[in-house]
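Quick note, the sequences are listed as chains A and B, same order. The first sequence runs 32 to 294 under the numbering used here. The second sequence runs 3 to 316 under the numbering used here.
Derived list of chain A stretches under chain B, where covered just means 3 residues or more per stretch with a C-beta under 8 Å from a C-beta of chain B:
(1) 47-55
(2) 124-130
Quick list of simulated restraints, FRET-style, between CB atoms:
(3) A:R115 x B:D180: 29 to 35 Å
(4) A:R198 x B:G128: 38 to 44 Å
(5) B:Q62 x A:P215: 41 to 47 Å
Computed list of chain B residues with no C-beta within reach of chain A, every gap over 12 Å:
(6) G72
(7) A186
(8) V205
(9) G241
(10) G257
(11) E299
In case anyone wonders, no lab produced these hints; they're calculated from the structure. Predicted model, so just to flag it, every value in this text is computed and none were measured. Built from N, CA and C at the ideal position, the CB exists for glycine as well.
Chain by chain, the residues run as shown.
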Amino acid sequence: MSASVTACTALFVRDIRNVIRSRSQLYSSMFTPLLFLVFLGNGVSEGLQPSNLSAGNFTAYLVAGAVVMTSVFSSTFSSAAYYRDRDTGVLRMLLSSPHSPRLIILGKSLAGVAIGLTQALVVLLVAAPFVEFEWQYGIARGLLIAIATVLLLNLLLAGIAQAVASRIQTMQGFHLVLNLLLFPLLFFSGAFFPIDDLPAWLGVLARVNPLTYAVDALQLAAYADSSADFIGLGIDFVVLTVLAVGVYALGLARMPKLTWSGQ
Amino acid sequence: MPETPVPAAIEARDIVRSYGERRALDHFTLDVPAGSVFGLLGPNGSGKSTFITLVAAAEQPPSGTLRILGEQPHAALRARIGTVFQENAQDPLMRVGELLQLAGRLFGLSRKQATARAAELLEVFGLGGRANDPVSALSGGMRRRLEMARALLHDPELLLLDEPTTGVDPEERRALWDALLHGARGRRTILLATNDLAEADEVCEQVAFIQAGRVVATGTPEELKRGLRREAVRLTWEGVTDDEISKIAAWPGTGDVTRSGNLVHVTVDDASVFVPRVFELGGHAIRSVTIEQSSLEDAYFQYVSGRTPREVRA
Numbered sequence: 032m033s034a035s036v037t038a039c040t041a042l043f044v045r046d047i048r049n050v051i052r053s054r055s056q057l058y059s060s061m062f063t064p065l066l067f068l069v070f071l072g073n074g075v076s077e078g079l080q081p082s083n084l085s086a087g088n089f090t091a092y093l094v095a096g097a098v099v100m101t102s103v104f105s106s107t108f109s110s111a112a113y114y115r116d117r118d119t120g121v122l123r124m125l126l127s128s129p130h131s132p133r134l135i136i137l138g139k140s141l142a143g144v145a146i147g148l149t150q151a152l153v154v155l156l157v158a159a160p161f162v163e164f165e166w167q168y169g170i171a172r173g174l175l176i177a178i179a180t181v182l183l184l185n186l187l188l189a190g191i192a193q194a195v196a197s198r199i200q201t202m203q204g205f206h207l208v209l210n211l212l213l214f215p216l217l218f219f220s221g222a223f224f225p226i227d228d229l230p231a232w233l234g235v236l237a238r239v240n241p242l243t244y245a246v247d248a249l250q251l252a253a254y255a256d257s258s259a260d261f262i263g264l265g266i267d268f269v270v271l272t273v274l275a276v277g278v279y280a281l282g283l284a285r286m287p288k289l290t291w292s293g294q
Numbered sequence: 003m004p005e006t007p008v009p010a011a012i013e014a015r016d017i018v019r020s021y022g023e024r025r026a027l028d029h030f031t032l033d034v035p036a037g038s039v040f041g042l043l044g045p046n047g048s049g050k051s052t053f054i055t056l057v058a059a060a061e062q063p064p065s066g067t068l069r070i071l072g073e074q075p076h077a078a079l080r081a082r083i084g085t086v087f088q089e090n091a092q093d094p095l096m097r098v099g100e101l102l103q104l105a106g107r108l109f110g111l112s113r114k115q116a117t118a119r120a121a122e123l124l125e126v127f128g129l130g131g132r133a134n135d136p137v138s139a140l141s142g143g144m145r146r147r148l149e150m151a152r153a154l155l156h157d158p159e160l161l162l163l164d165e166p167t168t169g170v171d172p173e174e175r176r177a178l179w180d181a182l183l184h185g186a187r188g189r190r191t192i193l194l195a196t197n198d199l200a201e202a203d204e205v206c207e208q209v210a211f212i213q214a215g216r217v218v219a220t221g222t223p224e225e226l227k228r229g230l231r232r233e234a235v236r237l238t239w240e241g242v243t244d245d246e247i248s249k250i251a252a253w254p255g256t257g258d259v260t261r262s263g264n265l266v267h268v269t270v271d272d273a274s275v276f277v278p279r280v281f282e283l284g285g286h287a288i289r290s291v292t293i294e295q296s297s298l299e300d301a302y303f304q305y306v307s308g309r310t311p312r313e314v315r316a
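Isolated chain A, as found in the complex (with noise of 0.2 Å):
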């Protein structure tokens, strides 16, 4: 094994043995869209009966934005770490290793799309047993346009949050600016209702939405019977590929550099 390929996974194996012993992060990030479910997901099914929605079952409809719920939040608690390690010293220490900035951040932000794919997944198998999806490809070809989707996501959220924070100092203003940039994308991406019939404006905002196609993408793979109505997988992915790969790559441009004060 190279040198380089042996620190990548030991910075790897690091973070996600990091994130496994911090359970306040293990957990919350899977279970505030676990609760949007239970809750939003059955008030809304029962409260306001949803005519719109094909199936009528809101809960099932939610799954595929709780999913993309539980990256964000995970991507944005994985990035956050990048500042821990900056804070404790750490970061230094990484940076005065014989490898390039870039592979210590690609180690790191790797390990933070392994553990948002894998929460991300548990939320839809521990949700999967309680709603109604159709499976129109059948459940192991849905499962895995599924993983597909959600690494694809992952990779795109690790860059965005990289990106912001390779270049804004505090946590306190990296989770701001996240916030900011990530939960409206989050409310007009059909994560908690269809776009189809919404107003032409965010209906605008809505196509040029990157998480729209991961919405759309998960819904295709599990809750949707058909394709009608939806966008359509080959055009999902397309997009979801083209953006992950041109975000993650923009958020390994700009690298920490080896300074007195670790910043």
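Given the coordinates of chain A, assemble chain B onto it according to the supplied hints.
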């Protein structure tokens, strides 16, 4: 036989480095001989940490030249350098053994090598049996020792220590230095940035005084102390006359001369030159002589408090 010059582990020439308006290194020039324990002494903000970090990063400075271990700076050189930063670089969520394992893997050791070396160094630094303890469970002194073990894990040729014993009690400090210098003299170059002049006097073979990003004096601690007119000679001189006082005051290398009855106090460049000469003049009338040695602290204050910069070399 002519002495073979010792190659420099670090050669810095005319380095300028600025942070915004502030010039952290200002035409900084220094040679650190290979295999030596070399001290960088200067007030806070004088440029010590900036220089240490520049070397730790093995980065070509924006202006001036730097050679490390005989090579131009490049990333792979960092594998031959160990660094103890001013503040610990430790993740409280990790265990002691995991931290060392991570450092070992980053510096190219195999898992087995890293484990064996970590166990060896934990013993050397008095942390044997603590490999499974969380880093957060260690005391401040233990964490500092862990930091040293971490920096030495890959057996670096050059060890950079930025105020390594800050906050460490004297007993622990002694143990730290014993462990650090164990088998290292002549084999590993140690560059120590510190504000602790007594520590530098004790462990460093050579020191440089830094002020405002410049080297204002270099030499061995003894050379720097000799360069001072700070040795004080107290004489008990029966019947000393004003003429004799005037004579010694006129000698080269003599500073202030004060007299109170038979007691004469003289500051001199070098007591070993002054004392025989004063005996030639005073003979048996001089009843006693006391010489107070100057310390590295005296030298530090002379060079760093704004006197004329000069290089002191043997």
